[in-house]
Amino acid sequence: MTRDPRHSMDTSRQHDNDMEPAAVDKMVGSDTASGSLEPPIILPVINAHQDPQVLIFNLNDLKQLRNQYGILGVLLGTLSQYPQQNFFLSIPLRLSVYEVVWLVETRRGILVDQLKYRKDKLLTSKQTGKDIKVHVRKDGVIEENAHEYNFITTRNTDKEGRNEELIHEHQIQLQEYIDQYIVSNKQLSRKQFMCNYQNFKYFKELNYYISPGLKFGGDLVLYPSDPLRFHSHSIVRLGSIDLNDIIIGGRLATGVKKNYIVVDTQINSNEDHDHESIITILQKPDTPKVFSVEWAGFG
Amino acid sequence: MSQDDDESVIPREVEFDIEDETPDWSTLSGSGIPKRGDKDFEPDSTAIQSQSLQSAREAMYGAISGIRGHHVKQLLVGVWIEDGSEYCCVIPRIKGNYFRDIGIAGPNNVVYLNELETVYLVERGSMVIYLANELFMTFLKEFKKDDEFDYDTLYPLDLEFLYSLAFGHGKYGIDEYQIYSYLKRHGYMVLPYRQFTTSQVDRYNAYQDKINSNQGIWSTITNWFGWFKTEEKFPIIDSMHYLQTHYFNFTDVFQSLRLIQSYETFDSLKSKDSKIDDDFKLTFNVWKPGNSTFSKKNPPLPDFQILVVNADKNGFPKLGDIQKLLNGINYEFSFEIKNSNGVKAEKKIRKKNTMATSKKEIRQAQREKRIQSQSIDQQTRNEYLKTRDSIFKNGASGRSIILGVVSNGIINFFNLIEGDFNLRGELSKNKLEGIYKGRNHGIIYNGDL
Amino acid sequence: MGKFHRKQLNKIYAYPLPVTITSEAYSISLPEVYPHNPLSWLYFTLKYWQYTLTYEVPQLSIPLINVEYINGTFAVYDDNDMTRLWTRGFFGKGILSRSEPTWKDRTINRLNLSTSSTTSLAMEDVTVKRREGRQKFKDERSKLQALELLQRKGEISPDDLKTLEELRDNLNVLKNASINRQVDSEVRDEDEELIDDSNQLINNLEFLQLQPIEAFFLKFALNVISVSNNNLDLSLREMFQICCESYGTTISLPNHRFLIEYAVYHHYRSLGWCVRSGIKFGCDMLLYKRGPPFTHAEHAVMIIPNDPETQYDWFDMASRARVIGTVKKNFVIAFVDYPQDITDINLIWNQPGSDKEILSRFFESFKVTEILYKRWTPSRTRD
Numbered sequence: 001m002t003r004d005p006r007h008s009m010d011t012s013r014q015h016d017n018d019m020e021p022a023a024v025d026k027m028v029g030s031d032t033a034s035g036s037l038e039p040p041i042i043l044p045v046i047n048a049h050q051d052p053q054v055l056i057f058n059l060n061d062l063k064q065l066r067n068q069y070g071i072l073g074v075l076l077g078t079l080s081q082y083p084q085q086n087f088f089l090s091i092p093l094r095l096s097v098y099e100v101v102w103l104v105e106t107r108r109g110i111l112v113d114q115l116k117y118r119k120d121k122l123l124t125s126k127q128t129g130k131d132i133k134v135h136v137r138k139d140g141v142i143e144e145n146a147h148e149y150n151f152i153t154t155r156n157t158d159k160e161g162r163n164e165e166l167i168h169e170h171q172i173q174l175q176e177y178i179d180q181y182i183v184s185n186k187q188l189s190r191k192q193f194m195c196n197y198q199n200f201k202y203f204k205e206l207n208y209y210i211s212p213g214l215k216f217g218g219d220l221v222l223y224p225s226d227p228l229r230f231h232s233h234s235i236v237r238l239g240s241i242d243l244n245d246i247i248i249g250g251r252l253a254t255g256v257k258k259n260y261i262v263v264d265t266q267i268n269s270n271e272d273h274d275h276e277s278i279i280t281i282l283q284k285p286d287t288p289k290v291f292s293v294e295w296a297g298f299g
Numbered sequence: 001m002s003q004d005d006d007e008s009v010i011p012r013e014v015e016f017d018i019e020d021e022t023p024d025w026s027t028l029s030g031s032g033i034p035k036r037g038d039k040d041f042e043p044d045s046t047a048i049q050s051q052s053l054q055s056a057r058e059a060m061y062g063a064i065s066g067i068r069g070h071h072v073k074q075l076l077v078g079v080w081i082e083d084g085s086e087y088c089c090v091i092p093r094i095k096g097n098y099f100r101d102i103g104i105a106g107p108n109n110v111v112y113l114n115e116l117e118t119v120y121l122v123e124r125g126s127m128v129i130y131l132a133n134e135l136f137m138t139f140l141k142e143f144k145k146d147d148e149f150d151y152d153t154l155y156p157l158d159l160e161f162l163y164s165l166a167f168g169h170g171k172y173g174i175d176e177y178q179i180y181s182y183l184k185r186h187g188y189m190v191l192p193y194r195q196f197t198t199s200q201v202d203r204y205n206a207y208q209d210k211i212n213s214n215q216g217i218w219s220t221i222t223n224w225f226g227w228f229k230t231e232e233k234f235p236i237i238d239s240m241h242y243l244q245t246h247y248f249n250f251t252d253v254f255q256s257l258r259l260i261q262s263y264e265t266f267d268s269l270k271s272k273d274s275k276i277d278d279d280f281k282l283t284f285n286v287w288k289p290g291n292s293t294f295s296k297k298n299p300p301l302p303d304f305q306i307l308v309v310n311a312d313k314n315g316f317p318k319l320g321d322i323q324k325l326l327n328g329i330n331y332e333f334s335f336e337i338k339n340s341n342g343v344k345a346e347k348k349i350r351k352k353n354t355m356a357t358s359k360k361e362i363r364q365a366q367r368e369k370r371i372q373s374q375s376i377d378q379q380t381r382n383e384y385l386k387t388r389d390s391i392f393k394n395g396a397s398g399r400s401i402i403l404g405v406v407s408n409g410i411i412n413f414f415n416l417i418e419g420d421f422n423l424r425g426e427l428s429k430n431k432l433e434g435i436y437k438g439r440n441h442g443i444i445y446n447g448d449l
Numbered sequence: 001m002g003k004f005h006r007k008q009l010n011k012i013y014a015y016p017l018p019v020t021i022t023s024e025a026y027s028i029s030l031p032e033v034y035p036h037n038p039l040s041w042l043y044f045t046l047k048y049w050q051y052t053l054t055y056e057v058p059q060l061s062i063p064l065i066n067v068e069y070i071n072g073t074f075a076v077y078d079d080n081d082m083t084r085l086w087t088r089g090f091f092g093k094g095i096l097s098r099s100e101p102t103w104k105d106r107t108i109n110r111l112n113l114s115t116s117s118t119t120s121l122a123m124e125d126v127t128v129k130r131r132e133g134r135q136k137f138k139d140e141r142s143k144l145q146a147l148e149l150l151q152r153k154g155e156i157s158p159d160d161l162k163t164l165e166e167l168r169d170n171l172n173v174l175k176n177a178s179i180n181r182q183v184d185s186e187v188r189d190e191d192e193e194l195i196d197d198s199n200q201l202i203n204n205l206e207f208l209q210l211q212p213i214e215a216f217f218l219k220f221a222l223n224v225i226s227v228s229n230n231n232l233d234l235s236l237r238e239m240f241q242i243c244c245e246s247y248g249t250t251i252s253l254p255n256h257r258f259l260i261e262y263a264v265y266h267h268y269r270s271l272g273w274c275v276r277s278g279i280k281f282g283c284d285m286l287l288y289k290r291g292p293p294f295t296h297a298e299h300a301v302m303i304i305p306n307d308p309e310t311q312y313d314w315f316d317m318a319s320r321a322r323v324i325g326t327v328k329k330n331f332v333i334a335f336v337d338y339p340q341d342i343t344d345i346n347l348i349w350n351q352p353g354s355d356k357e358i359l360s361r362f363f364e365s366f367k368v369t370e371i372l373y374k375r376w377t378p379s380r381t382r383d
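Chains as they are written, first to last, in my numbering: chain C, 1 to 299; chain V, 1 to 449; chain S, 1 to 383.
Calculated directly from the structure, the hints in this document are not laboratory data. A virtual CB, placed ideally from N, CA and C, is assigned to each residue, including glycine.
Label pairs and their in silico Cβ distance ranges:
#, chain 1, residue 1, chain 2, residue 2, range
1, C, K186, V, G434, 45 to 55 angstroms
2, C, H135, V, T198, 53 to 63 angstroms
3, S, H36, V, Q379, 18 to 28 angstroms
4, C, P39, S, P308, 49 to 59 angstroms
5, V, Q74, C, K186, 42 to 52 angstroms
6, V, N382, S, A14, 17 to 27 angstroms
7, S, S235, C, T287, 45 to 55 angstroms
8, S, N80, V, N212, 49 to 59 angstroms
9, V, S390, S, E56, 36 to 46 angstroms
10, V, K95, S, P308, 47 to 57 angstroms
11, V, S390, C, Q171, 52 to 62 angstroms
Isolated chain C (complex conformation) (with noise of 0.2 angstroms):
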């Protein structure tokens, strides 16, 4: 029995239910450790009442997402150096619902209603029009409030710093987040949802890196390590399936170098869960069935 849908290949094979996540550093500067924890960063929610997101602004917080939780995901601006390509791309960073579940149920993060909070600080301001001119030297050193300025420039945020209180009075409640944004994603039920994070969380605590996996033909894309550096192994495809999948699955996924691996979650309660219980659902440990398949073929 192997412990690491990785290495399960030729058959599909069970995991034990038994099983438990392996919490193994793989990598150094990975540490998921939940010991030492940072005070939880600020996760930005666009269009909060309609159709929440979450994009990272904050180049710090992207570090810490990616160094130390092993966040990944999708950077989605215009590189400003490289404007006319779509292979290096810049800040914003655009959260999964899944990824930002994550954060806030570990309390590695905090969700705040960023129109609101962004307007109310601006009341205090003291930033000018003058604050982003800056000089940009000959040698590429940029110097701020210099005397002469020859180049103007828009930050990612500002730069104040965080105003506690004020995050405090627009935290955004992981249940409130999530209910919108089941209300505004009618294709996903609340029970699939559910599942499907039980899923990503599975994965997640047996410290892969993740990917959406739509390109690929899946939902995730796992990761043995960052994958700056690393190939992909596996796509992932959560919830049920029917035949024709697996041969979808194995095939696609064989042809490059992957293999599939499905996976579901039995949530055992009630079709309607009233929203109290929702949180607490989610907290509990189900142990996902996982299954892996590759395809034999005539190769």
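We have chain C; now place chains V and S onto it with these hints.
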């Protein structure tokens, strides 16, 4: 070629798309064109690996910490205005060549941008943006060309604040912005979707009515005769069928099997039922970077018409949705094009369907060489087969929509095209009759072909 | 494919359906008609009536192919019937072969029972060879990777370093190795039971299995098979019921999966396509212009009933598109409209007419609509 090779061998990805993979930032240099990095498969806890990871991360963080901005000589300033539910960006003085497809002109040469255009320009460092105050609003009301304003007195918006303002209202979301900026970075010209031709349904039916009234009594008679043509009969219904009828070729056998109805090009325009909910609405009209006839005021037909979909919000569209979208695109029928531009326009349409890349052009040149050495019969036959294959693969009408599907920030594009396999529609028939007359085009097996 | 080979194939697979037509049976053909020459019309009519009156319709004298319905499977056992169904339209699949029933020939080859001297490998044998080679390659590669790790860690001994270099060279050789197409014959104990005293194969263990849609087409549309179950002949109506039930759900509504699939199958067959299962690519059907020996299938069809219940998500579509795209096939979505006014199919039998007439009228109200699905890559359509 061995018998069923295609069923048994797993082909490795042939069309490797470098955008599918996480980039290796250490290859970012000069042109910004990525190289496929050399990555590891398994962490082995060696110092070499952790060092290379650290330097890869540093390369990435270094690149994305560069400033967004421009030299004061190119100074471009926008101001974000919010007035109740109304909001937009105003540029009192435009500069630079970004405005071919961006912005709407207001009085006194002022230009207004929508939220997608605003964020796009700011994010690439080409424009800075301030938040309007009362002083500025008064200035704008009485604005005349060449009036100056001291922007230092305004609050400069950072990217985070701008995103919150621009996408906090729900008109456009992050998904639409991702697709918009993706296409803009590739050089496409993108405008919000608008139907600037009159309804396809009306034009098509008007044309059909005209044809029918022109034919008058003749059409009635030919329709009558049509009944006798084997095409219209379904002899398969007869239970003794193959035991009673002589067949002299298999085309007639297949003809006799015809039973299931099937779609002909433009069928979707014939039913006037438009009672479908609006889960799917086109989002953008898109023109290729090289489209020389483009103008914002008088745009030519779009090269692509795109619908942005979030994978968690909508499932794959149903047939009714797809047909409604196809009926709603900006489209010119071939009968309309011929009236205005003759043969030239016909060629243009055909070109639309073939994606010209340099490799393809080389192959085409080789093909032409080969064709010259063939006999006329062979040439006709090959042209016929090519045209027919192209209809199977690209449809007859060229009516299609692009779907930009966003799933947790990952973008995927698909093309949905009106298909035509029975080749009985007027459009496909005309194309094929022009090459081989009097053949039953829809039946793929024609003994001699 | 060589010209000679092509000619041979054309001869073997000359006819697209297991129906023998008049011109084939009597080696006759009708004269050409020239539209502007009334004499040619006259001559044509004359000949047509002459043939019709003098010759018997060939299908009358051709016996029906026997299909047995056993354990939920439509099976053809007779060697000649199997060949007829395979060579004329590529119907069915040999249960011991990848598609064409070749077990008998392969076994004769393998056991050297054939009288002809030149034997070459069948597809299935080539595969076995290829697999063996591939496994060896993989074993060697993992040895190499282990050594490479040692090297990265700086713990490699000079001996191992030498092995490492050797492995690298070895791998290159293995990678480029081609398959030896010579047969090595080896009689196993269990093979003895296959051979009789005169060194002949006792019988063919293989049968041809038909999909329900194939069997139904052969019965309903072509009327060239007779289907029996426990030695009882099945009527068209009984066979219709059996086909529906073979899909696992009881039949009542006209969007039953068998009906939807049959409508699409009949549609493409009547357009002359060779239609085969698409399960290897996770789709419903593959369309071949002539058949597997000639060209690869160009189109992969996914069938979606046009009803409110059937809902696919983007992952279903994207993964299929990717699989189909990598084998360079055209992805066709066939939407099927079905008669909305029928609430219980079992009631159609109350209509007047024979079973065949009733079913024909029923299937006439199905409609297939094709939508083509392609991946779009903006970086490649800029010009």
